[in-house]
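Colleague: Sequence:
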Amino acid sequence: MTDQEKLAIDGGSPVVTEAIPSGVSGPSVVGEEEIEAVTEVLRSQQLFRYHEGSQSSLLEKEAAEFLGVEYTLLVNSGTSALICALTGVGVGPGDEVIVPGYTYIATAAAVIATGAVPVIAEVDESLGLDPADVEARITRYTKAVVPVHMRGVPARLDEIMAVARKHNLKVVEDCCQCVGGEYKGKRVGVYGDAAAWSLNYYKTITSGEGGLVYTNDRDVFERACFTADPGLPMWTNGDPMVDWQNEPFPRQTYRPSEVLAAMCRVQLGKIEDILSHQRALKKAFLGELDEAKAYRFQHVDDLDGDTGVSASVIVHEKELAIGYEHALKAEGVTVGTIYNDGFPDRHIYSYWDSILEKRSPHPSGYPWKDPNYHGNVEYSKDMLPQTLDILGRSLRFDFNMNMTVEHARLMARALNKVDAVLGG
Numbered sequence: 003m004t005d006q007e008k009l010a011i012d013g014g015s016p017v018v019t020e021a022i023p024s025g026v027s028g029p030s031v032v033g034e035e036e037i038e039a040v041t042e043v044l045r046s047q048q049l050f051r052y053h054e055g056s057q058s059s060l061l062e063k064e065a066a067e068f069l070g071v072e073y074t075l076l077v078n079s080g081t082s083a084l085i086c087a088l089t090g091v092g093v094g095p096g097d098e099v100i101v102p103g104y105t106y107i108a109t110a111a112a113v114i115a116t117g118a119v120p121v122i123a124e125v126d127e128s129l130g131l132d133p134a135d136v137e138a139r140i141t142r143y144t145k146a147v148v149p150v151h152m153r154g155v156p157a158r159l160d161e162i163m164a165v166a167r168k169h170n171l172k173v174v175e176d177c178c179q180c181v182g183g184e185y186k187g188k189r190v191g192v193y194g195d196a197a198a199w200s201l202n203y204y205k206t207i208t209s210g211e212g213g214l215v216y217t218n219d220r221d222v223f224e225r226a227c228f229t230a231d232p233g234l235p236m237w238t239n240g241d242p243m244v245d246w247q248n249e250p251f252p253r254q255t256y257r258p259s260e261v262l263a264a265m266c267r268v269q270l271g272k273i274e275d276i277l278s279h280q281r282a283l284k285k286a287f288l289g290e291l292d293e294a295k296a297y298r299f300q301h302v303d304d305l306d307g308d309t310g311v312s313a314s315v316i317v318h319e320k321e322l323a324i325g326y327e328h329a330l331k332a333e334g335v336t337v338g339t340i341y342n343d344g345f346p347d348r349h350i351y352s353y354w355d356s357i358l359e360k361r362s363p364h365p366s367g368y369p370w371k372d373p374n375y376h377g378n379v380e381y382s383k384d385m386l387p388q389t390l391d392i393l394g395r396s397l398r399f400d401f402n403m404n405m406t407v408e409h410a411r412l413m414a415r416a417l418n419k420v421d422a423v424l425g426g
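Count the sequence shown with this note's numbering and you get residues 3 to 426, in order.
No lab work stands behind these hints, which were simulated from the structure alone.
Incorrect hints may appear among the rest.
[What the hints assert, rightly or not] Restraint ranges, calculated between C-beta atoms of paired labels, are given here: (1) 380 / 186: 33 to 39 Å; (2) 373 / 64: 43 to 49 Å; (3) 391 / 361: 24 to 30 Å.
[Stated by the list, open to error] Calculated lysine to any residue pairs in the SDA-like style (CA-CA distance at most 25 Å, straight line): (4) 371 / 171; (5) 331 / 19; (6) 285 / 30; (7) 285 / 406; (8) 285 / 187; (9) 186 / 161; (10) 331 / 14; (11) 186 / 127; (12) 8 / 322; (13) 383 / 168; (14) 63 / 267; (15) 360 / 331; (16) 8 / 353; (17) 295 / 13; (18) 331 / 6; (19) 331 / 299; (20) 331 / 347; (21) 272 / 78; (22) 320 / 353; (23) 168 / 143; (24) 272 / 259; (25) 371 / 382; (26) 63 / 41; (27) 8 / 295; (28) 63 / 271; (29) 272 / 424; (30) 383 / 117; (31) 371 / 353; (32) 186 / 30.
Nothing here was measured: the structure is a model prediction, and the numbers come from that model.
Quick reminder that beta carbons are idealized off the backbone N, C-alpha and C, glycines included.
Based on the provided sequences and hints, a complete structural model is requested.
Modeller: Okay, structure coming up:
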């Protein structure tokens, strides 16, 4: 065995000799355009969205055109977008909503905010909802299902939509980690009854915080609008473009600022370049890999539609995955198993303590003890063994706008080297 073949962890030469750049895609491309757009809003002193030439309204129009939907609503966060979308499709007290065990805690928290109860389901090797487990968890109280497109990879939408149609369920797509992604020729977000984007700092495009609700249903849209602003009819009174068809109802205030909207308009104009670069990195990584010995790839239905922000491999055994992680780090590649017992990652259900323990802001025990709810959902940290097993064997390689194709290839060569030695 040559020095190049010997693992760095055992004293060999590492594959990566200079640090691979890190970063987050949206913030990495912030330039003078965003600064100018935000400065212009500040100078105008028009920081509230309801005025002629509103940045928020312009962003909603441009975002709707980008996704190819009829209606779009800008709000102040991805969580707010999920709450508005869920309320928009009619979710409320007494309902159950199925969510995956691998998603940010906000997905389940948004369900609770509507007064409904989250039912947490297994993920499969797509790292998205397992359609068979979704169907197994449907009860007479199930109102909706939320497929989450995690780390840029669309969920198994064909199978999930089939289950939803079979049982007459609403579908709200959580696209917060897959902004701009596609599934079989169409953008994710157009398959369900409604969808949510996040514009958080860590997302594909960003304004620091923010969210968008998408739908083709006028009633869903109006209900989402009322959810986001209890005073909405006052702000739009006299506007000939607004003719509400539903009765308003009082909810929270999730209005965005014009600063948020102005920055995001610039970022939306950069999204295709971001997606193109990320996808090129992931394809370079995958193209450089040798035949795997002790791992298989995450299941991806549509590699071309994947946003390219990450690539995951699933090692055959958990202990071996930990060995791969340590060896890869010694080779100069920052990687880790998605789930490990030592890090309380709120993207994994077993660390959703506040939900697993059914904590409520009110002594009534809302929403689990709401008199409208007659189901019986129980939670525990080990309730989804398939999910914990898969995540515990999954290694995630991340890509960003500061990387080159050669960086992605180096990451693949490091995996080839580790797999050749440890894979047996």
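Colleague: So, for every hint listed, does it hold in this structure?
Modeller: Consistency of the hints with the structure:
no.	hint	in the structure
1	380 / 186: 33 to 39 Å	holds (36 Å)
2	373 / 64: 43 to 49 Å	holds (44 Å)
3	391 / 361: 24 to 30 Å	holds (27 Å)
4	371 / 171	holds (23 Å)
5	331 / 19	holds (12 Å)
6	285 / 30	holds (21 Å)
7	285 / 406	holds (12 Å)
8	285 / 187	holds (18 Å)
9	186 / 161	holds (13 Å)
10	331 / 14	holds (13 Å)
11	186 / 127	holds (19 Å)
12	8 / 322	holds (18 Å)
13	383 / 168	violated (30 Å)
14	63 / 267	holds (10 Å)
15	360 / 331	violated (38 Å)
16	8 / 353	violated (38 Å)
17	295 / 13	holds (23 Å)
18	331 / 6	holds (16 Å)
19	331 / 299	holds (20 Å)
20	331 / 347	holds (20 Å)
21	272 / 78	holds (21 Å)
22	320 / 353	holds (19 Å)
23	168 / 143	holds (15 Å)
24	272 / 259	holds (21 Å)
25	371 / 382	holds (18 Å)
26	63 / 41	holds (22 Å)
27	8 / 295	holds (17 Å)
28	63 / 271	holds (13 Å)
29	272 / 424	violated (41 Å)
30	383 / 117	holds (23 Å)
31	371 / 353	holds (22 Å)
32	186 / 30	violated (29 Å)
Checked against the numbered hints given earlier, the structure breaks hints 13, 15, 16, 29, 32 and satisfies all the rest.
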